[in-house]
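Listed below are the residues making up each chain.
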Amino acid sequence: MDWHSFLVISHVIGAVFGAGGATMAEVFSIKALKDGVINETENDFLKTIYFFIRLGLFILILSGFGLLLLYRMEGVAPETIYTDNFIAKLLIVLVIIFNPLLVQAKIISYSVSSPLSLVSWYAALILGAWRTLDASFFSIVGVYLAAVLIAVFAVKYFYEPRVKN
Amino acid sequence: MNPALKINLIVHIVVGLIAVAAFYAVLVNLLKSRLNFFSLRFFSLAGVIGIFLSWFTGGYYYAVYYGQAVKPIIKKSGYPWIHDVLMEAKEHVFLFLPFLAIVLALAIWFLESEILADEKLKRYLILTAGAAFVLGLFIVLMGMAISGAANIKSG
Chain G
4 MDWHSFLVIS
14 HVIGAVFGAG
24 GATMAEVFSI
34 KALKDGVINE
44 TENDFLKTIY
54 FFIRLGLFIL
64 ILSGFGLLLL
74 YRMEGVAPET
84 IYTDNFIAKL
94 LIVLVIIFNP
104 LLVQAKIISY
114 SVSSPLSLVS
124 WYAALILGAW
134 RTLDASFFSI
144 VGVYLAAVLI
154 AVFAVKYFYE
164 PRVKN
Chain C
46 MNPALKINLI
56 VHIVVGLIAV
66 AAFYAVLVNL
76 LKSRLNFFSL
86 RFFSLAGVIG
96 IFLSWFTGGY
106 YYAVYYGQAV
116 KPIIKKSGYP
126 WIHDVLMEAK
136 EHVFLFLPFL
146 AIVLALAIWF
156 LESEILADEK
166 LKRYLILTAG
176 AAFVLGLFIV
186 LMGMAISGAA
196 NIKSG
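Going down the list, the sequences are from chains G and C.
One rule links them: number in the numbering used here = place in the first sequence (from 1) + 3.
One rule links them: number in the numbering used here = place in the second sequence (from 1) + 45.
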């Protein structure tokens, strides 16, 4: 297997861990919070899922830099790498990185952080897979922000009141 | 670029990323209400080792290759500011990181009871870890821009 295939496969595995973990975290936390509290077993499940999300993020970043390094050594022109799609994906990965910090520091609530994580992981996954997407940076970020707002709104107004009742 | 320099550059990037990830892990751990000193010690040490290895390999690459082979390409391209601003900033801002990493690791390894008892000390350590992580992240992003500019000749 050549380096390019190895790095692409690692990149995909990282994205799968992240997006899959974020989906499971959302589903499990919604199920766990049905009775209003997260018990020890549920907490243990969520901790395991968060570990895989972080592992996915680490693999994704490391393999992403591996690919950039490979392109650098192969002399690939920067215009073909640093596209609007790539820069938007980079911004979304930064959101994924800062999201746990903001929730741990209690700057944003869990009900914002969780859908933000879910949408961001799927956005990164879609942008990574959709190489032929011909859209500007601002239109990609615009759609992403709209998706985040819809997800946060859905959790806050459709799910949270059910938990409280 | 000969194979030894390629390996040197790979090590510089990988250990640098590991160091930034370690600062991030220390920061996330310090923000938790219940501190896990086993992982704090592990990641703070990984941060120190990573940043020093990245420093030496990066310094070697700069002295042996970048100055002669990459810098002239960037300076002659349409983006000379990538060297003049980003590379210069990267070099100088980086110098904070070894010291921040050492302070963080020493405090975590030797001041466990003080950190647990003193909320103010914990807050300062959060700020130190946050500064190390954010500076590290900026350096990573600047490195990406510089690396991209190095290939402008083939564009």
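By construction, these hints were calculated from the structure, which means they are not laboratory data.
Just so you know, even glycine gets a beta-carbon here, dropped at the ideal spot from N, CA and C.
Careful, some of the hints might be misleading.
[Unchecked claim] With a Cα cut of at most 27 Å, we get these calculated BS3-like pairs of lysine-lysine:
(1) LYS167(C) / LYS37(G)
(2) LYS92(G) / LYS34(G)
(3) LYS37(G) / LYS92(G)
(4) LYS109(G) / LYS92(G)
(5) LYS34(G) / LYS50(G)
(6) LYS159(G) / LYS121(C)
(7) LYS121(C) / LYS109(G)
(8) LYS116(C) / LYS51(C)
(9) LYS120(C) / LYS109(G)
(10) LYS34(G) / LYS159(G)
(11) LYS159(G) / LYS50(G)
(12) LYS135(C) / LYS121(C)
(13) LYS50(G) / LYS109(G)
(14) LYS50(G) / LYS37(G)
(15) LYS77(C) / LYS167(C)
(16) LYS51(C) / LYS165(C)
(17) LYS37(G) / LYS159(G)
(18) LYS50(G) / LYS135(C)
(19) LYS77(C) / LYS51(C)
(20) LYS165(C) / LYS92(G)
(21) LYS116(C) / LYS109(G)
(22) LYS50(G) / LYS77(C)
(23) LYS51(C) / LYS135(C)
(24) LYS34(G) / LYS165(C)
(25) LYS135(C) / LYS77(C)
[To be verified] Computed far set for chain G versus chain C, every beta-carbon distance over 12 Å:
(26) ARG57
(27) LEU60
(28) LEU93
(29) PHE101
(30) SER139
(31) VAL151
(32) PHE161
Cross-check of the supplied hints:
Simply put, LYS167(C) and LYS37(G) have alpha-carbon atoms about 35 Å apart, too far for the 27 Å limit, and the pair is violated. Pair hint LYS92(G) plus LYS34(G) does not hold up; C-alpha atoms about 30 Å apart against a cutoff of 27 Å. Of the pairs offered as hints, the one joining LYS37(G) and LYS92(G) is violated, with about 34 Å between alpha carbons and a cut-off of 27 Å exceeded. Using a Cα cut-off of 27 Å, the hinted pair LYS109(G) and LYS92(G) holds, with the two alpha carbons roughly 26 Å apart.
This hinted pair checks out: LYS34(G) and LYS50(G) have alpha carbons roughly 15 Å apart, not beyond 27 Å. Under the criterion of a C-alpha separation no larger than 27 Å, the hint pairing LYS159(G) with LYS121(C) is inconsistent with the structure, at around 53 Å. Of the supplied pair hints, the one linking LYS121(C) and LYS109(G) is violated, its CA atoms being roughly 47 Å apart against a limit of 27 Å. Taking the CA atoms of LYS116(C) and LYS51(C), the gap is about 17 Å. The hint holds against a cut of 27 Å.
Between LYS120(C) and LYS109(G) the CA atoms are separated by roughly 45 Å; this puts the pair beyond 27 Å, and the hint is violated. At most 27 Å may separate the alpha-carbon atoms for a hinted pair to count; LYS34(G) and LYS159(G) meet this at roughly 15 Å. As the CA atoms of LYS159(G) and LYS50(G) are separated by approximately 23 Å, the hinted pair is consistent with the 27 Å bound. Restraint check: the Cα-Cα separation between LYS135(C) and LYS121(C) comes to about 20 Å, which is no more than 27 Å; the hinted pair holds.
This hinted pair checks out: LYS50(G) and LYS109(G) have alpha carbons roughly 18 Å apart, not beyond 27 Å. Of the pairs offered as hints, the one joining LYS50(G) and LYS37(G) holds, with about 18 Å between alpha carbons and a cut-off of 27 Å not exceeded. With a C-alpha separation of about 11 Å, the suggested pair LYS77(C) and LYS167(C) falls inside the 27 Å cut-off, and the hint holds. Between the alpha carbons of LYS51(C) and LYS165(C) the distance comes to roughly 45 Å, so the proposed pair goes past 27 Å and is violated.
A hinted pair counts as satisfied when its Cα atoms are at most 27 Å apart, and LYS37(G) with LYS159(G) qualifies at roughly 14 Å. About 36 Å separates the Cα atoms of LYS50(G) and LYS135(C), which puts this hinted pair outside 27 Å; it is violated. Distance restraint check for LYS77(C) and LYS51(C): the Cα-Cα separation of roughly 39 Å exceeds the 27 Å cut-off, and the hinted pair is therefore not satisfied. A hinted pair counts as satisfied when its Cα atoms are at most 27 Å apart, and LYS165(C) with LYS92(G) does not qualify at roughly 37 Å.
Our distance criterion of 27 Å between C-alpha atoms is broken by LYS116(C) and LYS109(G), whose separation comes to about 44 Å. Under the criterion of a C-alpha separation no larger than 27 Å, the hint pairing LYS50(G) with LYS77(C) is consistent with the structure, at around 13 Å. Of the pairs offered as hints, the one joining LYS51(C) and LYS135(C) holds, with about 20 Å between alpha carbons and a cut-off of 27 Å not exceeded. This hinted pair does not check out: LYS34(G) and LYS165(C) have alpha carbons roughly 37 Å apart, beyond 27 Å.
Our distance criterion of 27 Å between C-alpha atoms is broken by LYS135(C) and LYS77(C), whose separation comes to about 31 Å. The claim that ARG57(G) is not at the interface with chain C is violated, since a C-beta of that chain comes within 12 Å of its own (minimum 8 Å). The Cβ of LEU60(G) sits about 9 Å from the closest Cβ of chain C, inside the 12 Å cut-off, so the non-interface label is violated. A cut-off of 12 Å between C-beta atoms contradicts the statement that LEU93(G) is not in contact with chain C; the least separation is 8 Å.
Interface exclusion of PHE101(G) from chain C breaks down, the closest Cβ pair being 9 Å apart, not more than 12 Å. Even its closest Cβ contact with chain C, about 19 Å, leaves SER139(G) beyond 12 Å, as expected for a residue assigned away from the interface. For VAL151(G), the non-interface assignment is confirmed: its Cβ lies about 21 Å from the closest Cβ of chain C, beyond the 12 Å cut-off. Distance check for PHE161(G) against chain C: the nearest CB is about 30 Å away, which clears 12 Å, and the non-interface claim stands.
In the structure shown, a violation is registered for the earlier hints numbered 1, 2, 3, 6, 7, 9, 16, 18, 19, 20, 21, 24, 25, 26, 27, 28, 29, in ascending order.
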